[in-house]
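J.: Single-letter residue listing:
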Amino acid sequence: MLIGEFEFMSITDLTSMSKSQIEIRKEINQRLQKLQDEISDYCYQCAKCTSGCEAHKLLELEPHKIVALLKRGLIDEMINSDVIWTCMSCFKCRERCPQKVAPVEILFALKNMAVASGKQIPGNYTAMLQSVLSIGLLQDIKSVTTKNNKTVNRSDLKLPEISKPTDPNKFRMMLSKIAVEKI
Amino acid sequence: MGDLKMKKYALYPGCIMPTEQYAYEMSIREIMPLLDIELIELKGFSCCGEPIKSVNQMLTLSLSARNIAIAEKEGQDIFAPCPMCHLALSECKKVLDTDTEMNKRVNNYIAEEGLKYTGTAEIVSILDLLHDKIGIDKIKSKIKNPVKNLKVATHYGCHLIRPSEIGRPDDAENPQKMENILKIIGAKPEYYPEKLDCCGALLNANLPESALTKTGQKLQRVQEQKFDVFIDTCPWCHRQYDSKQTKAGETVATKLEVPVLYLTQIIGISMGIENEKLGLNLNLSPVDKLNIWGK
Chain Y
85 MLIGEFEFMS
95 ITDLTSMSKS
105 QIEIRKEINQ
115 RLQKLQDEIS
125 DYCYQCAKCT
135 SGCEAHKLLE
145 LEPHKIVALL
155 KRGLIDEMIN
165 SDVIWTCMSC
175 FKCRERCPQK
185 VAPVEILFAL
195 KNMAVASGKQ
205 IPGNYTAMLQ
215 SVLSIGLLQD
225 IKSVTTKNNK
235 TVNRSDLKLP
245 EISKPTDPNK
255 FRMMLSKIAV
265 EKI
Chain P
18 MGDLKMKKYA
28 LYPGCIMPTE
38 QYAYEMSIRE
48 IMPLLDIELI
58 ELKGFSCCGE
68 PIKSVNQMLT
78 LSLSARNIAI
88 AEKEGQDIFA
98 PCPMCHLALS
108 ECKKVLDTDT
118 EMNKRVNNYI
128 AEEGLKYTGT
138 AEIVSILDLL
148 HDKIGIDKIK
158 SKIKNPVKNL
168 KVATHYGCHL
178 IRPSEIGRPD
188 DAENPQKMEN
198 ILKIIGAKPE
208 YYPEKLDCCG
218 ALLNANLPES
228 ALTKTGQKLQ
238 RVQEQKFDVF
248 IDTCPWCHRQ
258 YDSKQTKAGE
268 TVATKLEVPV
278 LYLTQIIGIS
288 MGIENEKLGL
298 NLNLSPVDKL
308 NIWGK
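As given, the protein sequences belong to chains Y and P, one line each in that order.
Start counting the first sequence at 85; every next residue gets the next number (the working numbering).
Start counting the second sequence at 18; every next residue gets the next number (the working numbering).
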């Protein structure tokens, strides 16, 4: 198989509504169902999560409402909303909930569902994913500027060679299996 | 002979530190051998997966597992300086050690690369390593130039202290290990109400302006409370507070001039290591206004 073609296939499988995504969606749906059945019942809407939410004041995320909407099964409405992408994963809601409900985990599941349903992935998540698929890392080595305006990189700073996947093909094969196989 | 007392860890660098936050890596590589820690270089590491958890959590789990498996293959424990990587690897360990079904699935994926997660490697963070493995007394014994009269604000980073259910190196609501370390090098860490506030870095993926606003809001409060220096341990947070400080200031209409150092840099300074070796000329915040090093 051509490498170029293979790279293209894996990113498609991971982020769009290809056939394999049906299985992924089934899996995420089960995860959400479980969260809906078991966890959202414990929530009594005290809103302690929202009072400490780092995204609340700035971006109007209200984690207790996310739990309430999940309880009512309004999953489609949430995955179509930009608000699920305002969470900055500080984990305060999960840490502080007196009922051990974890809105942050519900939000991860909803975002995963949005991606698997072929919704537009916001910002540069796609670029980050593409970079991981091609070099194993979120970004390649950057040159940086020192205080006295000199441009330097790892070797100028006498740092050893960076660690990356040694066999990129096998690495990509592993990642694409996650999207292609039944999970 | 000295090697006998050296404890070894595979250095798991992650992405942000080895591709742009060089000062963190340099200062780690300078201080660790002096604290009798030998860092082992391994080939083949990848991203831990945490930054793309919003896209596909199974991907995150599998990426973390393959990285742990690489160290396990060599019989090494892992030192993960980036709190985000440390959380991802710790969470992966917790899931794979307790969920046999998931363990089988993930191992099936990573077998593609000839890897197997066995659960034998210990995964330590920067705080575990400095505070608990090396220990306060040992650090104290290596201090040559204690810093003086330095009012310090600590920033732990969300992923270093939460969620405690996964097992984190310090308390979720009142972390003190950075303070303990800073006190023995002579600094004066003080509490401030915004201590646990998030830097916003993860919003860089889709809402970069909001990320900068979070950064600016916290630094503005730090500046108002007249702290001499802001100390962090996370390459994501440091990129916000140090590298992007000027831009962060614009979001809150304030000229921010807060010196920001990595914990490992200030320890290195007090151990008498040259500034250049600690990457101090890479800090873009006004660290030169600090009067803590030799003339």
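Treat the hints as calculated values from the structure; they're not laboratory data.
Cβ coordinates follow ideal geometry from the N, Cα and C atoms, glycine included.
Hints are supplied without guarantee of correctness; some may be wrong.
If we take Cβ atoms under 8 Å as the criterion, some of the chain Y residues that face chain P in the derived model are [what the hints assert, rightly or not]:
hint, residue
1, 116
2, 119
3, 128
4, 130
5, 132
6, 203
7, 204
8, 205
9, 208
10, 216
11, 246
12, 257
Below are the DSBU-like pairs computed for lysine-lysine, each with C-alpha atoms no more than 35 Å apart in a straight line [said to hold, decoys possible]:
hint, chain 1, residue 1, chain 2, residue 2
13, P, 159, Y, 248
14, Y, 231, P, 205
15, Y, 184, P, 121
16, P, 133, Y, 226
17, Y, 149, P, 205
18, P, 24, P, 159
19, P, 243, Y, 226
20, Y, 234, Y, 254
21, P, 306, P, 150
22, Y, 141, P, 168
23, P, 212, Y, 155
24, P, 161, Y, 141
25, P, 24, P, 157
26, P, 159, P, 25
27, Y, 254, P, 133
28, P, 60, Y, 226
29, P, 121, Y, 203
30, P, 111, Y, 231
31, P, 111, P, 121
32, Y, 242, P, 121
33, P, 205, P, 133
34, Y, 141, P, 306
Some, not all, of what chain P presents toward chain Y, calculated at C-beta under 8 Å [as the list claims (entries may be wrong)]:
hint, residue
35, 23
36, 43
37, 193
38, 274
J.: Out of the numbered hints, which ones does the structure contradict?
T.: The structure conflicts with hints 1, 2, 3, 4, 5, 6, 7, 17, 20, 24, 30, 32, 33, 35, 37, 38, although it agrees with all the remaining ones.
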